[in-house]
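Novice: Chains as they are written, first to last, in the numbering used here: chain A, 1 to 114; chain B, 1 to 112.
It cannot be assumed that every hint is accurate.
As the list claims (entries may be wrong) - Pairs of lysine to aspartate or glutamate residues, derived as EDC-like cross-links and limited to a Cα-Cα distance of at most 20 Å, are as follows:
1. A:Lys-44 <-> B:Glu-56
2. B:Lys-58 <-> B:Asp-27
3. B:Lys-99 <-> B:Asp-27
4. B:Lys-99 <-> B:Asp-17
5. A:Lys-44 <-> B:Glu-83
6. B:Lys-99 <-> A:Glu-85
7. B:Lys-57 <-> B:Glu-15
8. B:Lys-68 <-> B:Asp-84
9. B:Lys-111 <-> B:Glu-15
10. B:Lys-57 <-> B:Glu-39
11. B:Lys-37 <-> B:Glu-83
12. B:Lys-99 <-> A:Asp-101
13. B:Lys-58 <-> B:Asp-84
14. A:Lys-78 <-> A:Asp-56
15. A:Lys-78 <-> A:Asp-63
16. A:Lys-11 <-> A:Glu-85
17. A:Lys-44 <-> B:Glu-5
18. B:Lys-111 <-> B:Asp-84
19. B:Lys-111 <-> A:Asp-63
20. B:Lys-68 <-> B:Glu-2
21. B:Lys-37 <-> B:Asp-49
22. A:Lys-44 <-> B:Glu-39
23. B:Lys-99 <-> B:Glu-39
24. A:Lys-11 <-> A:Asp-86
25. B:Lys-99 <-> A:Asp-57
26. A:Lys-78 <-> A:Asp-101
27. B:Lys-57 <-> A:Asp-63
28. B:Lys-37 <-> A:Asp-86
29. B:Lys-71 <-> B:Glu-39
30. A:Lys-44 <-> B:Asp-84
31. B:Lys-58 <-> A:Asp-57
Rather than coming from a laboratory, the hints here were simulated on the basis of the structure.
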Amino acid sequence: EAGVAQSPRYKIIEKRQSVAFWCNPISGHATLYWYQQILGQGPKLLIQFQNNGVVDDSQLPKDRFSAERLKGVDSTLKIQPAKLEDSAVYLCASSLSGLTDTQYFGPGTRLTVL
Amino acid sequence: GENVEQHPSTLSVQEGDSAVIKCTYSDSASNYFPWYKQELGKGPQLIIDIRSNVGEKKDQRIAVTLNKTAKHFSLHITETQPEDSAVYFCAAWDTGGFKTIFGAGTRLFVKA
Numbered sequence: 001e002a003g004v005a006q007s008p009r010y011k012i013i014e015k016r017q018s019v020a021f022w023c024n025p026i027s028g029h030a031t032l033y034w035y036q037q038i039l040g041q042g043p044k045l046l047i048q049f050q051n052n053g054v055v056d057d058s059q060l061p062k063d064r065f066s067a068e069r070l071k072g073v074d075s076t077l078k079i080q081p082a083k084l085e086d087s088a089v090y091l092c093a094s095s096l097s098g099l100t101d102t103q104y105f106g107p108g109t110r111l112t113v114l
Numbered sequence: 001g002e003n004v005e006q007h008p009s010t011l012s013v014q015e016g017d018s019a020v021i022k023c024t025y026s027d028s029a030s031n032y033f034p035w036y037k038q039e040l041g042k043g044p045q046l047i048i049d050i051r052s053n054v055g056e057k058k059d060q061r062i063a064v065t066l067n068k069t070a071k072h073f074s075l076h077i078t079e080t081q082p083e084d085s086a087v088y089f090c091a092a093w094d095t096g097g098f099k100t101i102f103g104a105g106t107r108l109f110v111k112a
């Protein structure tokens with residue numbers, strides 16, 4: 001079974017630039033999550049989709065971050081404009097259906113904002 | 001909302017010894033507690049989880065215990081091996097926010 005795919009794996013940008021991350025969840029998984037993991041900390045949920053709909057985006061900085069899940073499958077997370085404090089690993093995860101089902105994580109995208 | 005505290009932040013053990021990582025949570029209604037292992041350059045991977053209807057769960061060298069009264073849960077790894085070296089995260093289900101809240105992580109070093 002293929003795992004969660006993410007791209008790119010690494011990205012370096014300057015502050016005020018924009019960046020986009022892509023995630024392809026495990027086939028058949030209805031729930032998709034985007035987490036931000038700052039160095040030395042645990043993952044923090046940014047947004048959670050169930051199929052096409054947003055379940056929770058309370059911790060997404062909506063003035064600069066946006067996310068969408070096309071046709072209930074792939075998802076993109078965008079930051080515009082980026083700030084220095086956005087430097088982190090952005091993890092995508094998916095689960096079969098229920099919110100307490102096992103979450104399977106992708107390898108993450110390491111973002112460095114200079 | 002849910003708050004998860006994890007200790008210690010770093011743990012070093014000799015190969016073959018046991019390792020224990022402890023977590024506390026604040027949401028008394030929380031009913032799901034997963035543990036994740038994260039190796040360098042990889043995403044977290046679920047290693048074991050426990051739901052509130054049981055007090056202990058084992059899977060080979062790994063066990064988790066849950067004390068709902070005290071609102072704490074622990075991960076026990078026996079007969080540690082160098083490949084157990086990684087960062088371990090505890091997590092708890094936030095019943096108000098319908099999301100998983102992670103602890104800050106424990107970096108485990110197993111010395112050969």
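Novice: For the pair supplied as a hint, B:Lys-58 and B:Asp-27, is the alpha-carbon distance within the 20 Å limit?
Specialist: 24 Å, violated
Novice: Verify the proposed pairing of A:Lys-78 with A:Asp-63, using a straight-line Cα cut of 20 Å.
Specialist: It holds: about 11 Å lies between the C-alpha atoms, which stays within 20 Å.
Novice: Decide if the proposed pair is consistent with the structure: A:Lys-11 and A:Asp-86, CA atoms, cutoff 20 Å inclusive.
Specialist: Satisfied, since the Cα-Cα distance of roughly 12 Å is no more than 20 Å.
Novice: B:Lys-99 and B:Asp-17 were given as a pair; does the straight-line alpha-carbon distance stay at or below 20 Å?
Specialist: Distance of about 34 Å is beyond 20 Å: violated.
Novice: Do the alpha carbons of A:Lys-78 and A:Asp-101 lie within 20 Å of each other, as the hint requires?
Specialist: 26 Å, violated
Novice: Is the hinted pair A:Lys-44 and B:Glu-56 satisfied, with a Cα-Cα distance of at most 20 Å?
Specialist: 27 Å, violated
Novice: Does the structure keep B:Lys-57 and A:Asp-63 at a Cα separation of 20 Å or less?
Specialist: The hint is violated at about 43 Å.
Novice: Against the 20 Å threshold, does the CA-CA distance of B:Lys-37 and A:Asp-86 hold or violate the hint?
Specialist: 24 Å, violated
Novice: Does B:Asp-84 sit within 20 Å of B:Lys-58, going by the straight-line distance between their CA atoms?
Specialist: Holds, because 16 Å separates the two Cα atoms, which is no more than 20 Å.
Novice: Would you mind confirming whether the straight-line C-alpha gap from A:Lys-44 to B:Glu-5 stays at or under 20 Å?
Specialist: Holds, at about 14 Å.
Novice: With a cut-off of 20 Å on the C-alpha distance, tell me whether A:Lys-11 and A:Glu-85 pass.
Specialist: 15 Å, holds
Novice: Straight-line Cα separation of B:Lys-68 and B:Glu-2 no greater than 20 Å?
Specialist: Cα-Cα ~14 Å, so holds.
Hints 1, 2, 4, 5, 6, 7, 8, 10, 19, 23, 26, 27, 28, 29, 30, 31, counting from the list given before, are not met by this structure.
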